[in-house]
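*Asks:* Chains as they are written, first to last, in the numbering used here: chain Y, 140 to 430; chain Z, 39 to 494.
Everything labelled a hint here was simulated from the structure, so no lab data went into it. A hint or two may mislead.
[Said to hold, decoys possible] Output of the computed footprint for chain Z on chain Y, the stretches with three or more beta carbons under 8 Å from beta carbons of chain Z:
1) 180-188
2) 245-259
3) 330-339
[To be verified] If you only want the chain Z side, here are some residues facing chain Y, beta carbon under 8 Å, derived:
4) E61
5) D64
6) A79
7) D212
8) V309
[Claimed, not checked] Over 12 Å on every C-beta distance to chain Y, these chain Z residues come out as not near it, computed from the model:
9) M39
10) D76
11) R298
12) N385
13) V391
14) Y410
15) N429
16) H442
17) Y449
Each residue gets a CB set at the ideal place from its N, CA and C atoms; glycine is no exception.
Next come the chains, spelled out residue by residue.
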Amino acid sequence: MDPAIDASLVSVESVSDSLSSTGYLPDAAIATIVFLAARLNKPLLVEGPAGVGKTELARSLAAMTGRQLIRLQCYEGVDESKVLYEWNYRKQLLRIQAEQGQNWDQLSGDIFSEEFLLERPVLQAVRSDAPTVLLIDEIDKLDMEAEALLLEVLSEWQVTIPEMGTMRAVTTPLVILTSNDSRELSEALKRRCLYLHLDYPDLEREKAIVLQRVPELPETLAEQIVKVVQSIRELELKKAPSIAETLDWARTLLHLNVTTLDPETLQRTLSVLLKFRSDLSRAEQHLDLGD
Amino acid sequence: MLNRLLAFTHALRNAGVPVSISESIDSLRALEHIRFEDRTAFRTALATTMIKTRSHEQAFDALFNVYFDGGGPADIDDLHDREDQHHAAEGAESFMDELFESIVAGNGGTGGMGELARRAVGRFGRVLSSPSDSRYFEYPVFRALDMDVLLQRLNEQGAEAAGLEGIDARIAGDRFRAAVASFRSEVRAEVQRRVARRKGPEAVTRHSIRPLPEDLDLATASRAEMDEMRRAIRPLARKLATRTAMKRRNATRGGLDVRRTIRHSLSTGGVPLDISLKHKVPHKPELFVLCDISSSVARFARFSLMLVHAMSSGFTKVRSFVFIDTIDEVTHLFEDDDLFVAVDRVNAEANVVWIDGHSNYGASLERFLDLYGKDVTARSTLLILGDARNNHRAPREEALKELHSRAKHVYWLNPEPKAYWDTGDSAASRYAVFTDGMHEVRTLRDLENFTAEVLT
Numbered sequence: 140m141d142p143a144i145d146a147s148l149v150s151v152e153s154v155s156d157s158l159s160s161t162g163y164l165p166d167a168a169i170a171t172i173v174f175l176a177a178r179l180n181k182p183l184l185v186e187g188p189a190g191v192g193k194t195e196l197a198r199s200l201a202a203m204t205g206r207q208l209i210r211l212q213c214y215e216g217v218d219e220s221k222v223l224y225e226w227n228y229r230k231q232l233l234r235i236q237a238e239q240g241q242n243w244d245q246l247s248g249d250i251f252s253e254e255f256l257l258e259r260p261v262l263q264a265v266r267s268d269a270p271t272v273l274l275i276d277e278i279d280k281l282d283m284e285a286e287a288l289l290l291e292v293l294s295e296w297q298v299t300i301p302e303m304g305t306m307r308a309v310t311t312p313l314v315i316l317t318s319n320d321s322r323e324l325s326e327a328l329k330r331r332c333l334y335l336h337l338d339y340p341d342l343e344r345e346k347a348i349v350l351q352r353v354p355e356l357p358e359t360l361a362e363q364i365v366k367v368v369q370s371i372r373e374l375e376l377k378k379a380p381s382i383a384e385t386l387d388w389a390r391t392l393l394h395l396n397v398t399t400l401d402p403e404t405l406q407r408t409l410s411v412l413l414k415f416r417s418d419l420s421r422a423e424q425h426l427d428l429g430d
Numbered sequence: 039m040l041n042r043l044l045a046f047t048h049a050l051r052n053a054g055v056p057v058s059i060s061e062s063i064d065s066l067r068a069l070e071h072i073r074f075e076d077r078t079a080f081r082t083a084l085a086t087t088m089i090k091t092r093s094h095e096q097a098f099d100a101l102f103n104v105y106f107d108g109g110g111p112a113d114i115d116d117l118h119d120r121e122d123q124h125h126a127a128e129g130a131e132s133f134m135d136e137l138f139e140s141i142v143a144g145n146g147g148t149g150g151m152g153e154l155a156r157r158a159v160g161r162f163g164r165v166l167s168s169p170s171d172s173r174y175f176e177y178p179v180f181r182a183l184d185m186d187v188l189l190q191r192l193n194e195q196g197a198e199a200a201g202l203e204g205i206d207a208r209i210a211g212d213r214f215r216a217a218v219a220s221f222r223s224e225v226r227a228e229v230q231r232r233v234a235r236r237k238g239p240e241a242v243t244r245h246s247i248r249p250l251p252e253d254l255d256l257a258t259a260s261r262a263e264m265d266e267m268r269r270a271i272r273p274l275a276r277k278l279a280t281r282t283a284m285k286r287r288n289a290t291r292g293g294l295d296v297r298r299t300i301r302h303s304l305s306t307g308g309v310p311l312d313i314s315l316k317h318k319v320p321h322k323p324e325l326f327v328l329c330d331i332s333s334s335v336a337r338f339a340r341f342s343l344m345l346v347h348a349m350s351s352g353f354t355k356v357r358s359f360v361f362i363d364t365i366d367e368v369t370h371l372f373e374d375d376d377l378f379v380a381v382d383r384v385n386a387e388a389n390v391v392w393i394d395g396h397s398n399y400g401a402s403l404e405r406f407l408d409l410y411g412k413d414v415t416a417r418s419t420l421l422i423l424g425d426a427r428n429n430h431r432a433p434r435e436e437a438l439k440e441l442h443s444r445a446k447h448v449y450w451l452n453p454e455p456k457a458y459w460d461t462g463d464s465a466a467s468r469y470a471v472f473t474d475g476m477h478e479v480r481t482l483r484d485l486e487n488f489t490a491e492v493l494t
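Here chain Y stands alone, though its shape is the one from the complex (with noise of 0.2 Å):
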């Protein structure tokens, strides 16, 4: 089912070039792994820290292969109504009501056909005519029951709607999964998908990453800002420092015209990386800032 697979999804190579050319500067493996991901259709689950680029990269996956990015936000509660479909109940009942006295067999088909049906995102992908990117964001927070309802999609490309029957996938969407790791997912679930495991970048990847996006940086600048940034990340900290928050503190430095990175400027702008007043201080015991 890929016959046409996108000229950026054609090799190892031109991902890791596509997805550069949109902002999103992937190592290795991310590009090995997506072009896999595209290539034997399945879905990536992407798991790792927050702030470290895992929604950002269904974006860019969106935008480089020119398809339309459909999102479903999980959180606690969601279920089958949210994610694949509803029937438009009140309509129904209109319906019902608008023809008194009509053929029970004509109307029961009726009322349940398309017109009366709510699309949630991921039928939305399952039943778009052009090729899609499914983002399922934060599947960690989705109750166990619900997310035996992705199941079917996942491995199947198919939703089975009983009133209506089974709708196959005209397109495979591209699908990916992200996860906070705060709770274990399935075994069902991690084996349809490949695992994609997103760490803070080293210390090239994100000197690189902060030179692409604050580009008015000096290049020492940057990479003292990024050896900091990464030697704050070893500290047990309540939240440490996202990918954003360097960039954050990158274009902090650059409008206080900070040439070279002093113990004074640091205390003054090291609340831009940290958010907790207990890892403020333990980032300035560690880098001997003192009062």
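On the provided structure of chain Y, position chain Z as indicated by the hints.
*Replies:* For chain Z alone, kept in the frame of chain Y given last:
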């Protein structure tokens, strides 16, 4: 190749990584799309299809190293080593200097230490078992090259030698530590590769692949392993918490609320499509956790405290207590989100030593009953963590009996192997009678099983 892949899959399963048949087929399909010569792509393709949890990555790395990097004839090592010997008939001293310089020069951030590790193993790791045969081990390498000494020297002189100053010098320590750690793991990998070349990969996997974090014995885990475990325990504690939360949520649904159902049906023309149910008054489960923190269970105590901490951020009503020969409430100490601060404060502030600082379960339980017994009700669950080694003191199980009759459940998690229960000063079964079960919990997996079996 296929055979080797299947053997590899088999070895992964033996190490405890669940690789299903469909996943192993996926891995083969993935390999169709990549070039075999590209080692990283090959590795990535296998990892992404077979490894679905981060804690399994370490086992995968070790096995991959043995099965796919360990190839080649056995005497290739001798050849390399002879070349190296030419290079310099160096002693441990000069090798340490070389390591020092290499790390200072910035090698070893990621990888980089491979070449040095290979030479170190060839030079120091060989043990002649017979004139014709030699074997490789890790420990002689580190006996010759003391990593602690190296790290200390790096911390003292490294920054200066690298010409760093200011902020750069302050954070150089992290880099040095990472480089030393990377050298250590490279040496381990090299030894495993050499053994694999001589004896085949199976020989390595039998002996030297470390167990997964969830299978580690809590009593003997090293510091680094404890760290790994701490990462693994968080989702588990959350699972424990959400399980009870979920039960609670489902239980809030009571009978039909007629008034609200009729009210809702107005919007659908009087047809009651949405049925409203009454809310039951939610009952909040209360959890009392009692931890033995005496030195005999020191490591387990750290683990218990980790567990208590993770749970108290999940449950709303957890009260935690620690005891040695008397008991003290430490709930307020865990209000701080920070585990380390909490543990420090428990050690500094908790008043748990009464006479001599040897565990006294009898006195502790009795005192708990006296002071807090009135709070234990039919809604409470008691979780006792300890080895039930009472130093031959009066067990006073009647205190536990009384608590058991008041509480909904009493569970006892014992870090000792079941075979040791009731030996020596252990009063395990005398207490076990008055619990809903005493469980042997030595690994995270045990804990997970306990959670799954008991708390659902």
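*Asks:* So, for every hint listed, does it hold in this structure?
*Replies:* Here's how the hints hold up against the structure:
Only residues whose C-beta sits within less than 8 Å of a C-beta in chain Z count toward coverage, and the segment 180-188 of chain Y has 3 of them, enough to reach three; the restraint holds. Under the rule that three or more residues need a Cβ within less than 8 Å of chain Z, the assignment of the segment 245-259 of chain Y is violated, with 0 such residues. Under a criterion of three residues with beta carbons nearer than 8 Å to beta carbons of chain Z, the stated coverage of the segment 330-339 of chain Y is upheld, 6 such residues being counted. With 8 Å as the threshold, the beta carbon of E61(Z) comes within range of chain Y, its nearest partner Cβ sitting at about 6 Å, so the hint holds.
A cut of 8 Å between beta carbons decides the hint on D64(Z): the least distance to chain Y is about 7 Å, and the hint holds. Hint status for A79(Z) relative to chain Y: holds, with the closest Cβ pair at about 5 Å, below 8 Å. For D212(Z), the interface hint holds, the least distance from its beta-carbon to any beta-carbon of chain Y being 5 Å, beneath 8 Å. Interface restraint check: V309(Z) against chain Y, minimum CB-CB distance 7 Å, threshold 8 Å, status holds.
Under the 12 Å C-beta cut-off, the non-interface status given to M39(Z) relative to chain Y holds; the minimum distance is some 18 Å. At roughly 8 Å, the least C-beta separation between D76(Z) and chain Y is not larger than 12 Å, which violates its mark as non-interface. For R298(Z), the shortest C-beta to C-beta distance to chain Y comes to about 18 Å, beyond the 12 Å cut-off, and the non-interface label holds. With a cut of 12 Å on Cβ distances, N385(Z) stays outside the contact zone with chain Y, its closest approach being about 17 Å.
Taking the minimum C-beta to C-beta distance to chain Y, about 28 Å, the non-interface status of V391(Z) holds against the 12 Å cut. Every CB of chain Y is more than 12 Å from the CB of Y410(Z) (nearest about 30 Å), matching its label as outside the interface. Here N429(Z) stays apart from chain Y, with its beta-carbon at least about 35 Å from theirs, past the 12 Å limit. At roughly 32 Å from the closest C-beta of chain Y, the C-beta of H442(Z) stays outside 12 Å, upholding its exclusion from the interface.
A cut-off of 12 Å between C-beta atoms confirms that Y449(Z) is not in contact with chain Y; the least separation is 22 Å.
Of the numbered hints listed earlier, those contradicted by the structure are 2, 10.
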